[in-house]
Amino acid sequence: MNNRTETKGCNIFDGNWIPYSEGPYYNNETCKWMIDEQNCMKFGRNDEEYLHWRWKPNECELPLFNATQFLNIVRGKKMAFVGDSVGRNQLQSLLCLLSQVADPEDVSDKYTSNVIYFRRYFYADYNFTLGNLWSPYFVRSVDADPNGHSYNSIMKLYVDEVDEAWSSQVENFDIVIISAGHWFFRPLLFYEKGQLVGCNKCGMENVTDLAHYFGYKMAFRTAFRTLNNLENFKGVTFFRTFSPSHFENGDWNKGGNCVRKKPFSKEEMKLDGYFLQTYLTQVNEFNVAQEEASKKGLKFLMLNTTEIMLLRPDGHPNNYGHPKDTNRTFYNDCVHWCLPGPVDTWNEFFLYMLNIESNSSYDSKLESVV
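If you use the UniProt record's numbering, the sequence shown corresponds to residues 1 to 370, in order.
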C-alpha cells in the first residue's frame, strides 16, 4: 500500500469475487460489538463457504484491512455513519475489524438519551470518535398513523426538509459516511414545500404514485445540499451506494428467504431493473453534489458497492439472526449482512480510499478510484 503506483488508475470496484482460503478477520468470540441480528454464527449458521471469498479488483490488489493503519489515519478525528441499519451494519463491521488492535469506550450516554439509534465510541489512545447518526430518510418524516410507527403504516416524507436529528450534529465530524435504501420501498407520502405532491405504494385516489425513486432522489438531494451548505462542515463525505437485498421465494413479509451458499457470477446476476434505477437515482444526485462540493473546496467520494454486493446472496443472516426456539414471529433477513461476512469488504474499500485521501498531494488519484 505504501507503493503509490498501486493506486494510480485503479478502479477498485471493478473486479470479481474469488475463492480465499484464509478465514475472516474476527468471529463472534473475538468481537463483542456485533448485535444478535447479524451474529449468524451464534444462531447456528455453520456453513462457512460465504466466509472464504475475497474481492479482487481487475487492475490492482485490494490490501487487507490493517486496523493499526486505519486508526493512525483517523487519529484525532471524528467519524459518523449517517443513515439506516445497513449503515450501522458497516459501522459494527468496522468496530469488529478495529477490535484486532483496540476496543473503544461506549460514550453514547454522554451525548444523547437515545442510545439505541445514536451511538458514540471513543478510542482514547487515538483520540478518535466513531458515531452513528440514525436517519433512514435523511429528511423529516412523520408517521401518518396517529397511533405511531408500524411496518404497515404510511410515512409522511417532507422531501425538502432535512432531518435535524443528523444535520444538527454532523458539523462536529471530520468524516461522514452517508447511505440509505430500503426504507424508501415502503408506503410513503411525499410533501414538498408543505404540500402533498405524490406517493409510493399509497393506493390513494387523486394522489399520483411517483414510485420510490422520487422520494429517494429528493432525499439525497436534500442531504447532499445540506452537507454542501452547512457553514461549519469542512469534512470529507463518503457516499456508499445502495446495498441490494436477495429475497427469493417471496417478499420479506411473505416467506422470502436467502439460502444460497456462494456468490453469483456476473453472468448469473446483472444489475438491472429497479435495482439499477435505484442505484442510478442516487448516483445522479451524487454527481451533481460532488461538482458543487468541488467549487466550495469540499470532497465527496463514492463507495460504489452496489454491483459488488448484488453478487453476494450468500452473505445475509436469513434465519440466523435470532434464536430458533422463540414464540416470536421473525422474518428472514436478506437485507443486512452477517458479521463477519462480505460487508467487511466495504471497510477494506474505505481504508483504501482513506489512505489515499490522507495524502492530499495525491488528490488526482482519488478520481481514478471513484
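Everything labelled a hint here was simulated from the structure, so no lab data went into it.
If you're wondering where the values come from, they're calculated on a predicted model, not measured in any experiment.
Be aware that a few hints might be false.
As the list claims (entries may be wrong) - Here are the computed lysine-lysine pairs in the BS3-like style, where the Cα-Cα straight-line distance is at most 27 Å: (1) K56 / K261; (2) K254 / K299; (3) K296 / K77; (4) K234 / K42; (5) K156 / K261; (6) K254 / K32; (7) K42 / K32; (8) K193 / K78.
Taking the hints in turn, this is what the structure says about them:
Straight-line distance between C-alpha atoms of K56 and K261 comes to about 19 Å, which keeps the hinted pair within the 27 Å bound. The suggested pairing of K254 with K299 is violated, with an alpha-carbon distance near 42 Å, which exceeds 27 Å. A C-alpha spacing of about 21 Å is found between K296 and K77, which places the hinted pair at or below 27 Å, so the restraint holds. Straight-line distance between C-alpha atoms of K234 and K42 comes to about 41 Å, which puts the hinted pair past the 27 Å bound.
The suggested pairing of K156 with K261 is violated, with an alpha-carbon distance near 39 Å, which exceeds 27 Å. Between the alpha carbons of K254 and K32 the distance comes to roughly 33 Å, so the proposed pair goes past 27 Å and is violated. Distance hint between K42 and K32 is fulfilled; the C-alpha atoms sit about 12 Å from each other, no more than 27 Å. The straight-line distance between the Cα atoms of K193 and K78 is roughly 34 Å, outside the 27 Å bound, and the hint therefore fails.
In this structure, the earlier hints numbered 2, 4, 5, 6 and 8 are contradicted, and the remaining ones agree with it.
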